[in-house]
Amino acid sequence: MTAVATHSPARKVFSGLVKIRELGIIVALAALIIYTTTSQPRFLSAQSIRDILLNTAILAVMAAGQAVVVITRNIDLSVGSVLGISAFTVASMMSDNPGLPMIVALLVGLAVGALAGLLNGVLVRYGRVPALVVTLGTMYIFRGLIYSWAGGDQVNADELPGHFLQFANDSILGIPWLVLIALVVVGGVSLMMRNYRVGRELYAMGSSPGAAELAGIKVARNMLAAFIISGALAGLAGVLFASRFGTIDASAGNGYELNVVAAVVVGGVAVSGGSGTVWGAGLGALLLTVIGSALTVLDINQFWQQAIVGALIVLAICADRIVAVRIARSLRKRDSHV
Amino acid sequence: MSALLQVRDVSKSFGAVAAVQGVSFALEPGEAHALVGENGAGKSTIVKMLAGVHRPDTGTLLVDGEEVTFTGPADAKAAGIAVIYQEPTLFPDLSVAENIAMGNQPLTRLRQIDRRTMNANATRLFARLGVQIDPTRPARGLSIADQQLVEIAKALSSQARVLIMDEPTAALSGVEVDRLFAVTRALRDEGAAIMFISHRFEEITALCQRVTIMRDGKHVCTEPVSDLSVDDMIRRMVGRDLSALYPKQDATIGETVLRVEGLNRAGVFRDISFEVKAGEIVALAGLVGAGRSEVMQAVFGVDKYDSGTVTFLGKKLKGGNPRASMAAGMGLVPEDRRQQGLVMELSIERNVTLPRSRALAKLGLLFGGSERREAAEWTKQLQTKFGRLSDPVGTLSGGNQQKVVLAKWLATSPKLLIVDEPTRGIDVGTKAEVHRLLSSLAARGLAVVMVSSELPEVLGMADRIVVLREGHIAAQLTREEATEESVMYAAMGQS
Chain A
1 MTAVATHSPA RKVFSGLVKI RELGIIVALA ALIIYTTTSQ PRFLSAQSIR DILLNTAILA
61 VMAAGQAVVV ITRNIDLSVG SVLGISAFTV ASMMSDNPGL PMIVALLVGL AVGALAGLLN
121 GVLVRYGRVP ALVVTLGTMY IFRGLIYSWA GGDQVNADEL PGHFLQFAND SILGIPWLVL
181 IALVVVGGVS LMMRNYRVGR ELYAMGSSPG AAELAGIKVA RNMLAAFIIS GALAGLAGVL
241 FASRFGTIDA SAGNGYELNV VAAVVVGGVA VSGGSGTVWG AGLGALLLTV IGSALTVLDI
301 NQFWQQAIVG ALIVLAICAD RIVAVRIARS LRKRDSHV
Chain B
1 MSALLQVRDV SKSFGAVAAV QGVSFALEPG EAHALVGENG AGKSTIVKML AGVHRPDTGT
61 LLVDGEEVTF TGPADAKAAG IAVIYQEPTL FPDLSVAENI AMGNQPLTRL RQIDRRTMNA
121 NATRLFARLG VQIDPTRPAR GLSIADQQLV EIAKALSSQA RVLIMDEPTA ALSGVEVDRL
181 FAVTRALRDE GAAIMFISHR FEEITALCQR VTIMRDGKHV CTEPVSDLSV DDMIRRMVGR
241 DLSALYPKQD ATIGETVLRV EGLNRAGVFR DISFEVKAGE IVALAGLVGA GRSEVMQAVF
301 GVDKYDSGTV TFLGKKLKGG NPRASMAAGM GLVPEDRRQQ GLVMELSIER NVTLPRSRAL
361 AKLGLLFGGS ERREAAEWTK QLQTKFGRLS DPVGTLSGGN QQKVVLAKWL ATSPKLLIVD
421 EPTRGIDVGT KAEVHRLLSS LAARGLAVVM VSSELPEVLG MADRIVVLRE GHIAAQLTRE
481 EATEESVMYA AMGQS
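If you read the protein sequences in the order shown, they are chains A and B.
1 is the number of the first residue of the first sequence in the working numbering; add one for each residue after it.
1 is the number of the first residue of the second sequence in the working numbering; add one for each residue after it.
Since the hints were made in silico from the structure, they are not lab data.
No residue lacks a Cβ here, since even glycine has one placed at the ideal position from N, Cα and C.
Possibly wrong hints are sitting among the right ones.
[To be verified] Label pairs and their computed distance ranges (CB to CB):
{"hint": "1", "chain 1": "A", "residue 1": "Gly188", "chain 2": "B", "residue 2": "Gln159", "range": "32 to 38 Å"}
{"hint": "2", "chain 1": "A", "residue 1": "Trp149", "chain 2": "B", "residue 2": "Leu110", "range": "40 to 46 Å"}
{"hint": "3", "chain 1": "B", "residue 1": "Arg124", "chain 2": "A", "residue 2": "Ile34", "range": "34 to 40 Å"}
{"hint": "4", "chain 1": "B", "residue 1": "Val177", "chain 2": "A", "residue 2": "Ile317", "range": "38 to 44 Å"}
{"hint": "5", "chain 1": "B", "residue 1": "Ala120", "chain 2": "A", "residue 2": "Arg321", "range": "30 to 36 Å"}
{"hint": "6", "chain 1": "B", "residue 1": "Arg124", "chain 2": "A", "residue 2": "Gln40", "range": "54 to 60 Å"}
{"hint": "7", "chain 1": "B", "residue 1": "Pro106", "chain 2": "A", "residue 2": "Phe303", "range": "39 to 45 Å"}
{"hint": "8", "chain 1": "B", "residue 1": "Arg388", "chain 2": "A", "residue 2": "Ile317", "range": "37 to 43 Å"}
{"hint": "9", "chain 1": "A", "residue 1": "Val122", "chain 2": "B", "residue 2": "Pro456", "range": "53 to 59 Å"}
{"hint": "10", "chain 1": "A", "residue 1": "Ile103", "chain 2": "B", "residue 2": "Thr117", "range": "55 to 61 Å"}
[As the list claims (entries may be wrong)] What the simulated footprint calls covered on chain A by chain B, stretch by stretch (three residues with Cβ under 8 Å from a Cβ of chain B suffice, anywhere in the stretch; the number is not a length):
{"hint": "11", "segment": "106 to 113"}
{"hint": "12", "segment": "197 to 205"}
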């Protein structure tokens, strides 16, 4: 056995490296903001910051849910379609019943999303089909449903009640509602994953699915919960989307799933499950949005945005791998039984 | 006195295979109970039924005299049954303390996890086991022995009344085994029931009061350990006499096949010189960590060495090139067959022919036919038991996996075979078969280097024994000179 004393350097290295995961994003964010601001000061104007935060909010809400699913070694590709279905449902409901309060809209969005998530979870768990395949399928199914329901119709801003549209612009204590909701979601889900039993069980399931079954963890219940959370948050994002943009057609949220997965991966959640944090995924969403805005402000071709996001994903995964190998090596060295 | 746990007439089949048939036994409070049998006798199935992983087809389980049905591992846990599995079942990304506490983490008033208490609990458990492992480090990267210790701490933490241990000592050193036994005895004396599964008879005699013997899924007998000799147990396990556990055949010793001279690697081994002749079995003995595997890996070329020479069939080998060693006629059966010896997901035939896939290919393509023919021949020679050649290797028992690894190398018709711990984790019956096989290969003129930690195996099989201690050769003994004492003394540096 090794003495405790020889562990602590390994531990320091480890905790240092783990912190770097999220630290890396913060550093990248800071560098990007400083560079962009020096060449184009209006990047840090109140309006610009507000736009960035509002745009981040919807992505971050979805990334929080996606992170939970990815941590369990699954993936939810249907979130873009769920956003669409929720946005269209809520927008239709509000245009038909303009008197309904905002809270009803939010709850309906959550419920629609949760139902979609439940379907995903049941198919993955009880159908024993990999999540990638299931959610790829439901992504098309949900999108198909919207098209057959909406057809070429769209709900326009002038059909929606004023308080619904105003919600996206309203603030409380100077913080826009959207941003506040995103903060509460990311913070709440982070807390659940970090400090509550169910959160740790989700990490355990992603870390070693076989061992999780043997440990008596309620794997089925937890997995359904993970997909329901992801679905419900995509549903919530749908309401925020409808409120913010006002015009909703059948293509709402098309392709969002890839942005969400990108935010999660760039945010340091390992696609192999078991590691990463929800707030890291939130930071990932912020970073992606800032990159988008910075490129616009710097007047760089939008095409580069995709290439840069792609490079970031590859970089994040490589960094992940290198860190993992390093940790494994340093831990093994210090613990070898000779 | 009512039994803590009772297994009554339990049967379980998987498809057409009856894994367990009509087995009954009981675990009394304050008893350590051994469960022995060859691999494939149904021990693991019994363990999995008690753990709630499998449900018996027929028959009942009783806890405290009451019938129970386990729908999953959580039920068994709730009934006070803790299981230490043969293969560690840790979560690599979580901390050691979290691994131990998973499912019953201490909570604060807000139902959040109380990390400080959790870590303190882990530290306390490790102190009880007499080991020091940092509870906040992740489980990833722990040595196998440490992983096993964490598993044991996990079982202790659940305050189990029934503790089932499936070969917990396979990866532990002598000191660690002693500590584990001390803790186990303490638990037993507090009234817990222990079920202990092991292939090491000396451990069974040291720890257990009663033993249940199984063969081919059936219950053979349950008797006090003191009433049975080791020979009795083995006879009942295999159902036949095992006088020839080490069937050493006489072989004519031929010319020198391998000559190692002055091999050095800084910090690992130094000044290693020995020879192996055709038809000879040379054992490398010594304690774990003495550098035995490292020497042979350097000879084979997997690892580098700093100085010295390796002469094989009269030609000097350049170091660090396993491909050249293989081409020259050397084979290495590694210690960890699951990780290094086999591709578990691939079929038996693919595994057997893997080193020869180039030779068997036509126009660079492999058509199953030649692979299948070759694999069928070798698996038959080695009496491997399997369903179909196309089954994944992972579905075979440990002993049969080892035979597939051997078949794989024998198919390359080597002149020298290096086997590292050839019978680790293999049951007695298959062990004897592996021994017989090695003997007959030597008799046919193959030179064999065997790295082994099992003294009886070393003494029973080797023509010559090279004893390593802390990276250098402590003694070279002939078959006649070697006794359990002389080898052990050399390995431990006493005389």
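State, for the Cβ atoms of B/Arg124 and A/Ile34, whether the hinted interval 34 to 40 Å holds or is violated. Violated: the Cβ-Cβ distance is about 49 Å, outside 34 to 40 Å.
Against the range 32 to 38 Å, how does the distance between the Cβ atoms of A/Gly188 and B/Gln159 compare: consistent or not? Holds, since A/Gly188 and B/Gln159 (Cβ atoms, about 33 Å apart) stay within the stated range.
Falls inside 53 to 59 Å, the C-beta gap from A/Val122 to B/Pro456? 55 Å, holds
Counting residues of the segment 106 to 113 of chain A with a beta carbon closer than 8 Å to any beta carbon of chain B, are there 3 or more? violated (count 0)
Outcome of range test on Cβ distance (B/Pro106, A/Phe303; 39 to 45 Å): Because 54 Å falls outside the window, the suggested range is violated.
Outcome for the supplied range 38 to 44 Å, where the beta carbon pair is B/Val177 and A/Ile317: Distance hint for B/Val177, A/Ile317 holds at roughly 42 Å.
Do the Cβ positions of A/Ile103 and B/Thr117 conform to the proposed distance bound of 55 to 61 Å? Violated: the Cβ-Cβ distance is about 39 Å, outside 55 to 61 Å.
Could you see if the CB distance from B/Ala120 to A/Arg321 stays within 30 to 36 Å? Roughly 34 Å apart at Cβ, these two residues keep to the hinted range, so it holds.
Is it true that the C-beta distance of B/Arg124 to A/Gln40 lies inside 54 to 60 Å, as the hint says? 59 Å, holds
Within 37 to 43 Å or not, the Cβ separation of B/Arg388 and A/Ile317? 39 Å, holds
Coverage claim, chain B over the segment 197 to 205 of chain A, checked by counting residues with Cβ within 8 Å (three needed): With 5 residues in contact (Cβ-Cβ under 8 Å with chain B), the coverage given for the segment 197 to 205 of chain A holds.
Quick check: does the Cβ-Cβ distance between A/Trp149 and B/Leu110 fall within 40 to 46 Å? 43 Å, holds
Hint compliance for this structure: hints 3, 7, 10, 11 are not met, and every other hint is.
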